[in-house]
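Produce the complete structure using the sequences and hints provided.
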Amino acid sequence: MKVGNPFIPTDLKNTGIPAVFYEFEIENTAQKTTEISLLAAQQNAVGFTKVKKVFQGKSFKARFKAGAKRVLAVGNRSKMYVGNYNSVVDEFGGKTLYMEGPYKKTDAHFGQMALMTLPTEAVKINSTALWKNIPALAKTFLKKGTLKSIAATGKSKKGQTYSGATTVSMTLKPGEKKTIHMVLVWYFPNGKNGGHLDRWDGWGKGKWEGKGNRYANYWKDIKDLTRYIYKNHKGLLEKTKLFTDTYYKTNFPHWLTERLANQLSIIKSRTIFHDKNNYIGLWEGAGAGDGSCAGNCNHVWHYAQAHARLFPTLGRIIREQSFGGIKKTGALPYRQPKGSFAFDGQLGEILSAYREHLLTENNEWLTTQYPAIKKALNYVINTYDKDKDGWLNSAPKHTTYDASMSGNPSFLTSLYLAALRAGEKMATLTDDEKQAKAWKKIADKSAKVQANRLFNGRYFIQIPGGHPATDYDTGCQSDQILGQWWAYQVGLGDLYPRYQIESATSHILKYNFKANLKRHNQGGRIFGLPQEAGFVGTTWEAGTRPKTASGYSDEIWTTYEYTIGSGLLRQGLIRDALTILKAGYDRYDGTLKTDYPSKSGWGNFGFSGNPFGDDECGQFYARALSQWSVLLAAQGFSYDGPKNEIGSKTAL
Numbered sequence: 001m002k003v004g005n006p007f008i009p010t011d012l013k014n015t016g017i018p019a020v021f022y023e024f025e026i027e028n029t030a031q032k033t034t035e036i037s038l039l040a041a042q043q044n045a046v047g048f049t050k051v052k053k054v055f056q057g058k059s060f061k062a063r064f065k066a067g068a069k070r071v072l073a074v075g076n077r078s079k080m081y082v083g084n085y086n087s088v089v090d091e092f093g094g095k096t097l098y099m100e101g102p103y104k105k106t107d108a109h110f111g112q113m114a115l116m117t118l119p120t121e122a123v124k125i126n127s128t129a130l131w132k133n134i135p136a137l138a139k140t141f142l143k144k145g146t147l148k149s150i151a152a153t154g155k156s157k158k159g160q161t162y163s164g165a166t167t168v169s170m171t172l173k174p175g176e177k178k179t180i181h182m183v184l185v186w187y188f189p190n191g192k193n194g195g196h197l198d199r200w201d202g203w204g205k206g207k208w209e210g211k212g213n214r215y216a217n218y219w220k221d222i223k224d225l226t227r228y229i230y231k232n233h234k235g236l237l238e239k240t241k242l243f244t245d246t247y248y249k250t251n252f253p254h255w256l257t258e259r260l261a262n263q264l265s266i267i268k269s270r271t272i273f274h275d276k277n278n279y280i281g282l283w284e285g286a287g288a289g290d291g292s293c294a295g296n297c298n299h300v301w302h303y304a305q306a307h308a309r310l311f312p313t314l315g316r317i318i319r320e321q322s323f324g325g326i327k328k329t330g331a332l333p334y335r336q337p338k339g340s341f342a343f344d345g346q347l348g349e350i351l352s353a354y355r356e357h358l359l360t361e362n363n364e365w366l367t368t369q370y371p372a373i374k375k376a377l378n379y380v381i382n383t384y385d386k387d388k389d390g391w392l393n394s395a396p397k398h399t400t401y402d403a404s405m406s407g408n409p410s411f412l413t414s415l416y417l418a419a420l421r422a423g424e425k426m427a428t429l430t431d432d433e434k435q436a437k438a439w440k441k442i443a444d445k446s447a448k449v450q451a452n453r454l455f456n457g458r459y460f461i462q463i464p465g466g467h468p469a470t471d472y473d474t475g476c477q478s479d480q481i482l483g484q485w486w487a488y489q490v491g492l493g494d495l496y497p498r499y500q501i502e503s504a505t506s507h508i509l510k511y512n513f514k515a516n517l518k519r520h521n522q523g524g525r526i527f528g529l530p531q532e533a534g535f536v537g538t539t540w541e542a543g544t545r546p547k548t549a550s551g552y553s554d555e556i557w558t559t560y561e562y563t564i565g566s567g568l569l570r571q572g573l574i575r576d577a578l579t580i581l582k583a584g585y586d587r588y589d590g591t592l593k594t595d596y597p598s599k600s601g602w603g604n605f606g607f608s609g610n611p612f613g614d615d616e617c618g619q620f621y622a623r624a625l626s627q628w629s630v631l632l633a634a635q636g637f638s639y640d641g642p643k644n645e646i647g648s649k650t651a652l
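Mapping of the sequence shown onto UniProt numbering: position 331 corresponds to residue 331, and the numbering continues sequentially without gaps.
A few of these clues could be false.
Listed next, the in silico EDC-like pairs over lysine to aspartate or glutamate satisfying Cα-Cα at most 20 Å (straight line) [unchecked claim]: (1) Lys192 to Glu238; (2) Lys434 to Asp387; (3) Lys178 to Glu23; (4) Lys2 to Glu258; (5) Lys643 to Asp432; (6) Lys374 to Asp385; (7) Lys375 to Glu433; (8) Lys448 to Asp494; (9) Lys510 to Asp554; (10) Lys192 to Glu258; (11) Lys434 to Asp444; (12) Lys374 to Asp387; (13) Lys582 to Asp221; (14) Lys440 to Asp387; (15) Lys178 to Glu25; (16) Lys437 to Asp385; (17) Lys2 to Glu25; (18) Lys124 to Glu23; (19) Lys547 to Asp473; (20) Lys375 to Asp385; (21) Lys211 to Asp221; (22) Lys445 to Asp494; (23) Lys241 to Glu23; (24) Lys178 to Glu35; (25) Lys643 to Glu361; (26) Lys441 to Asp387; (27) Lys375 to Asp432; (28) Lys234 to Glu91; (29) Lys192 to Glu209; (30) Lys211 to Asp290; (31) Lys2 to Glu176.
No lab work stands behind these hints: they were computed from the structure.
Listed below in structure tokens is the structure:
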């Protein structure tokens, strides 16, 4: 059996088809002719719109029981159901079970579903619009290999819905094979995503939401969509297979290939929504029944690389939204629409804009965005580096660690330097030579002062300012040269002397990678079991940890494995890179690990162990899309679309 849906790089429309494709390959391995039947069943879920909580952990069994207040559905019964109906249609040479509800097309709850069975030679397809309960369904199917045909139902009573089913029967000779294709399709054009931001300080006021789903712009209803799928089914699968076959044709270890590919599921998860008006909404991750942490958070999403590399249009739309919301001061809201400023997020937006330019065909897109990019970078300079000497002032600077850092933490100064170098490139490309020279002058000073003052002979540190803040001081922080990681993504080269980059990377590995977590206190959120390995955020020499250290310093974030792993690959330290990347693969091994929930009671929903989408503040967490930097490093891949340049220098 193969299960999936279209994933076609550069093709947002077809990658966004709301459907799951099933392929069953049936082979008769017996020595005699055999009758074989398949059964597929589906509940009409139109009207079921809320999930309050996903229960995990030791209390799961006790809390999830019929009659519990939070259980929203039992069998075909739920208070949310009313007036649903099913029908079976002979079409496309097969059968389609359509499932609908009582709502008008303009209603927020309007929705339709379909279970398609596509034609196959010499098979018998039978569908029923109604079955009452699982025991009766199983008894009939096991006895007859098919079901009684019921073409349609009436409307369900309040509090109930209907379930339908399809059987596919065939006779196979010894050694004979047949392939059966079924597709589960849904169409909920008016769904709303997002919500209010004013429940969190600093997130801003008002609504952040998407109205409707983008696919409604392409298909007018469920029948229009099933017709499209029937006509294009083969091509959609072939294009998806072309991508997967090309990707998996590699000399990478199988586990590494899987590890990097699995995170692409985040792009197809509810972490991202695309509305009718072409707004792309980005949660940080997926929560229980919804996304987690709203507002297109730029200090998280700038780590992500895969979405923009595979779908450049997606990256450009996100940038246009970000820079379109720039404030008069030049600050970008780190949460849309009206959030406050994050130092790392703002610089990440500028670097992302340069990446988006490199993935276009010419300078046209950059020319339209450059005025806002220029304003955003100059805001950082005028606010935190007024004397333009490349050394930041002492003021606190909000970061992705949900706290502010003062003075000059290399985590932030490296991003500042990378953004200045990227800004210089973009200014030159748009014929703003005066600005290019000004940014280059600051960047040259910053590179020198950082190398001289922040490198302690082993790694880069922080020199705090005088303001109270969440500082790591002389700690070895895993993000300490994140700007260098970014520089490699967009072809900016070395920001610092090579020996400093190599020394910092090797010491991050030495101090922050834990071969097992038995003696490590992970702090508030648990992302690894005691016997597992992982990367911690920051470590200190004995007695030097400041009281102001971030509560996230002790957590295990997978992005460190990707960012440091890619850096090690670029240095030719393949064994070390594979060691830390394998640790993440082993933690996310598919074993459900719900007995290890967050100690803090918020932010993650238990360490899931799900290999498809790493955990942090929610599951399918966006920061894990930094995994694509590992592939780029392993390939030594470089690309500049406007210059028609592409290069590769493989590390693996």
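Take the C-alpha atoms of Lys178 and Glu23, compute the straight-line distance between them, and say whether it is at most 20 Å.
holds (10 Å)
Starting from Lys440, check that the Cα of Asp387 is at most 20 Å away, please.
Roughly 15 Å separates the two Cα atoms, so the pair holds.
Would you check the hint for Lys211 and Asp221, treating anything up to 20 Å between C-alpha atoms as holding?
holds (17 Å)
Holds or violated: Lys441 with Asp387, Cα cutoff 20 Å?
Holds, because 12 Å separates the two Cα atoms, which is no more than 20 Å.
Quick one, are Lys192 and Glu258 close enough, alpha carbons at most 20 Å?
violated (33 Å)
Need the status of pair Lys643, Glu361: alpha-carbon distance at most 20 Å?
Given that 20 Å is the threshold and the Cα spacing comes to 8 Å, the pair holds.
Below or equal to 20 Å on CA atoms is what counts here, so check Lys2 against Glu176.
Given that 20 Å is the threshold and the Cα spacing comes to 19 Å, the pair holds.
Given the hinted pair Lys241 and Glu23, is their alpha-carbon gap at most 20 Å?
holds (13 Å)
Holds or violated: Lys434 to Asp444, with C-alpha atoms at most 20 Å apart:
Cα-Cα ~16 Å, so holds.
Does the structure keep Lys124 and Glu23 at a Cα separation of 20 Å or less?
Holds, at about 17 Å.
Check whether the Cα positions of Lys178 and Glu25 lie no farther apart than 20 Å.
Cα-Cα ~6 Å, so holds.
Is Lys2 close enough to Glu258, meaning Cα to Cα at most 20 Å?
Since the Cα atoms of Lys2 and Glu258 sit roughly 16 Å apart, the hinted pair holds (cutoff 20 Å).
Hint compliance for this structure: hints 1, 10 and 13 are not met, and every other hint is.
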